[in-house]
Amino acid sequence: MKIVIDPTRCQGHGTCAALLAEYIEMDKWHFPILNRNQLSESHLEAAKKAVQLCPELAIKIIED
Amino acid sequence: MTDSTSTSIMAPSGARRLTLGWEASWKTSNPEIAFAGDSQGRMRLSLSEHISNYGRIPTGFTYSLVSDSLRVANLTGRGGAKFPFYKKLAAVYEADRKKGCYVVANGAESEPLSIKDSLLLKTNPHLVIDGLVMVAEVLGAKGVYIYVKDKEAHSAVNSALRERRERGFTEAKVSVIDAPATYVAGQETSVIRRIEKGPAVPKFSIDRVAVSGVKGQPTLLSNVETFAHLGLILRFGADWYRSGRSGFDSGSRLVSVSGAVDRPGLYEVSSGVAIGDILREAKAHSVRALLVGGYFGGWLNVRDENDLRVAYDDFTLGDKKLSIGAGILGVLSKETCPVVEAASIVDYLAEQSAGQCGPCINGLPEISTAFARIALSSNIDRGISELKAVIPLVERRGGCQHPDGVIAHVRSTVAAFGDEIKLHKAGKCSVASSNHHSMLLPKKAQGNLAAASGR
Numbered sequence: 001m002k003i004v005i006d007p008t009r010c011q012g013h014g015t016c017a018a019l020l021a022e023y024i025e026m027d028k029w030h031f032p033i034l035n036r037n038q039l040s041e042s043h044l045e046a047a048k049k050a051v052q053l054c055p056e057l058a059i060k061i062i063e064d
Numbered sequence: 001m002t003d004s005t006s007t008s009i010m011a012p013s014g015a016r017r018l019t020l021g022w023e024a025s026w027k028t029s030n031p032e033i034a035f036a037g038d039s040q041g042r043m044r045l046s047l048s049e050h051i052s053n054y055g056r057i058p059t060g061f062t063y064s065l066v067s068d069s070l071r072v073a074n075l076t077g078r079g080g081a082k083f084p085f086y087k088k089l090a091a092v093y094e095a096d097r098k099k100g101c102y103v104v105a106n107g108a109e110s111e112p113l114s115i116k117d118s119l120l121l122k123t124n125p126h127l128v129i130d131g132l133v134m135v136a137e138v139l140g141a142k143g144v145y146i147y148v149k150d151k152e153a154h155s156a157v158n159s160a161l162r163e164r165r166e167r168g169f170t171e172a173k174v175s176v177i178d179a180p181a182t183y184v185a186g187q188e189t190s191v192i193r194r195i196e197k198g199p200a201v202p203k204f205s206i207d208r209v210a211v212s213g214v215k216g217q218p219t220l221l222s223n224v225e226t227f228a229h230l231g232l233i234l235r236f237g238a239d240w241y242r243s244g245r246s247g248f249d250s251g252s253r254l255v256s257v258s259g260a261v262d263r264p265g266l267y268e269v270s271s272g273v274a275i276g277d278i279l280r281e282a283k284a285h286s287v288r289a290l291l292v293g294g295y296f297g298g299w300l301n302v303r304d305e306n307d308l309r310v311a312y313d314d315f316t317l318g319d320k321k322l323s324i325g326a327g328i329l330g331v332l333s334k335e336t337c338p339v340v341e342a343a344s345i346v347d348y349l350a351e352q353s354a355g356q357c358g359p360c361i362n363g364l365p366e367i368s369t370a371f372a373r374i375a376l377s378s379n380i381d382r383g384i385s386e387l388k389a390v391i392p393l394v395e396r397r398g399g400c401q402h403p404d405g406v407i408a409h410v411r412s413t414v415a416a417f418g419d420e421i422k423l424h425k426a427g428k429c430s431v432a433s434s435n436h437h438s439m440l441l442p443k444k445a446q447g448n449l450a451a452a453s454g455r
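First to last, the sequence lines map onto chains A and B. As numbered in our numbering, residues 1 to 64 make up the first sequence, in order. As numbered in our numbering, residues 1 to 455 make up the second sequence, in order.
If you are wondering where the hints come from, they were derived from the structure by calculation, not from laboratory data. Treat the numbers as computed from the prediction; the structure is a model and nothing was measured. Check before you lean on any hint, since a few could be wrong.
Said to hold, decoys possible - Within a straight-line C-alpha distance of at most 27 Å, the following computed DSS-like cross-link-like pairs (lysine-lysine) qualify:
(1) B:K215 <-> A:K60
(2) B:K203 <-> A:K2
(3) B:K443 <-> A:K49
(4) B:K197 <-> A:K60
Build out the structure end to end from the sequences listed, making use of the hints.
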């Protein structure tokens, strides 16, 4: 499974970075940088929560 | 197609592939180069003229026949990505087409220095339509579109389509869609959105357009010139198209030449002619530098004649980290500092962001400001360190290729004009005058550079 962020939707709310600090950091403009996208099983719940809570529906989990 | 008055035409001899029709008045001193003029005063070839020039396009093509011809002809997409067209076709053919597929000819031509696509559509729309409907038939396409840049191209294509209907051609129905005059309107996903009646701005997609394009279905999208070449290859054969040439490139290309030349306009050149030969026909003078490929292309530093001996094909240009791109040659004379010109273009591109993605909205103005410091010698070390810091925050983080294209332009400038930047560092410039009037920017985009450096 992979994390994907749609940069055209993202408005930099930062919810995903708060929930998935191991994967996502915020840049100096407060937009997410995806440092790695292969999602491990142990972070699946946090990732699902990030998907649910993103106000712009910009983050997705996809099967690879 | 049911028209039975099919005229058989022999393949023309000679090296030229004649994408724009054959007219004696286009002769230049070089048989490998034809001059097609500018956008003014050229007439559209009617269907009768088209058929008497080229003959009817043969019918009864199968996928494997088209695919083989394209592979042998070595036809690459003419929008700038230089991707082998048979591979693109295969990706659509092999995708899940149960819900239909689409074929799109992209004539948005959003590179301001390009005139080829709209001139091709205005003068020779039937050749583009021939290639387009043939490929649409082979794929069993549900929708076929031509995306056009201006009113003249729109009406030329519409008239051509009307002629074909009146002649009783039974072929795929083609719809004409207008592109807005923005830089990002020509991006693949912008085209798709516009066809879906949305705004012509890029959308983010994990899948390629070949798999998920119009309405999420497989879509064959290529530059209008690509389809015109297809119209020739399917008539006269891949071997004729190649005319004994081997290697990466084959056939001819349309080239828009602008800047410091006395004969600007559209040229059709055989693959592999020297850039210097094209510039000779265009009557270029005191060449300082050359923008190759367009704003998303790169720079050639011209120190002497030898720098112009390079062959105009992607194989040779690739050695210099350049690419034919959208078929643009922008000539800069010795009266203009190339770094200043590049910085003006980068500033223009920064303003052309669709404004959707954070890194592009925030990063491009910072890149432009830093670059302007280098160009205007205001604070070069600071400019360089700012560029080094901001580029990694922007690169590959946009929803389309726009920010990466801007970064490529910056990198190419730095790579090509190290000598000039050194001069700037010493408080000098190879150009004496402080005139920052750009030679290669649209008129309406002039004069923002000083402001950019002060941001």
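Results for each hint:
1. B:K215 <-> A:K60: holds (20 Å)
2. B:K203 <-> A:K2: Between K203 of chain B and K2 of chain A the Cα gap is close to 19 Å, so the pair holds against 27 Å.
3. B:K443 <-> A:K49: violated (50 Å)
4. B:K197 <-> A:K60: It holds: about 25 Å lies between the C-alpha atoms, which stays within 27 Å.
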